[in-house]
Amino acid sequence: GDSVTQMEGPVTLSEEAFLTINCTYTATGYPSLFWYVQYPGEGLQLLLKATKADDKGSNKGFEATYRKETTSFHLEKGSVQVSDSAVYFCALSPLAGSARQLTFGSGTQLTVLP
Amino acid sequence: DGGITQSPKYLFRKEGQNVTLSCEQNLNHDAMYWYRQDPGQGLRLIYYSQIVNDFQKGDIAEGYSVSREKKESFPLTVTSAQKNPTAFYLCASSIDGGGDSEAFFGQGTRLTVV
Chain R
1 GDSVTQMEGP
11 VTLSEEAFLT
21 INCTYTATGY
31 PSLFWYVQYP
41 GEGLQLLLKA
51 TKADDKGSNK
61 GFEATYRKET
71 TSFHLEKGSV
81 QVSDSAVYFC
91 ALSPLAGSAR
101 QLTFGSGTQL
111 TVLP
Chain U
1 DGGITQSPKY
11 LFRKEGQNVT
21 LSCEQNLNHD
31 AMYWYRQDPG
41 QGLRLIYYSQ
51 IVNDFQKGDI
61 AEGYSVSREK
71 KESFPLTVTS
81 AQKNPTAFYL
91 CASSIDGGGD
101 SEAFFGQGTR
111 LTVV
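Residue numbers (my numbering), protein chains in the order written: chain R, 1 to 114; chain U, 1 to 114.
Check the hints yourself; a few may be wrong.
Derived, one-sided and incomplete: chain U residues facing chain R with beta-carbon distance under 8 Å [claimed, not checked]:
hint, residue
1, A61
2, G63
3, F105
4, Q107
5, G108
6, T112
7, V113
8, V114
Negatives, chain R to chain U, calculated, CB over 12 Å [unchecked claim]:
hint, residue
9, Q6
10, L13
11, E15
12, G41
13, Q45
14, L46
15, K56
16, G78
17, T111
18, V112
FYI, nobody ran anything at the bench for these hints, they're computed from the structure. Treat the numbers as computed from the prediction; the structure is a model and nothing was measured. For every residue, glycine included, the Cβ atom is placed at its ideal position computed from N, Cα and C.
When you get a sec, could you build the whole thing from the sequences and use the hints?
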């Protein structure tokens, strides 16, 4: 079945450092890929998404590129802020019209220190 | 404002009792979902519904039940048959069940069995 593997956390960075959170996936066909963010005590919010190979999703300075050849969707940000401290989830959704459910990675806790 | 409302935010249950978690959305979305989140783990799908009066089991449906009598409401009952119900429960919705449609999440309900 489908699966998503994220780099294990927690990740601790200083403010303005470069961030990479690795995400690889296993799925048949061409799934849609997502990054969600969860702030403490809250639900998840969509951060960015990509629906086909070589698409780049971007939002709030975060970027991720859909790489079919490496089955990856790594999250990057050039300069993190304290307010970016949260848990980040990589997720995939099967080809439109199929199972219609998100498969999530285990999440990566990011802490940014001032 | 449109969104998803889960209530209550915190819930305590005695062993052997059933308890119902509320989820309401005013986004006019067709699809709704229930996920369970345990510490350090990703989200696991309990049940999902693509249309009123229809729902399907997810990966961990045992010990849970749902109903979808109205488009805007998708309550989850945690029954006494659920052996380890203490967890954070998240409700979500999407405009339809398509693979590239964004899921919107509620703020979650933290259930504790005492």
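Need the list of violated hint numbers for this structure, in ascending order. 1, 2, 6, 7, 8, 9, 12, 13 and 14
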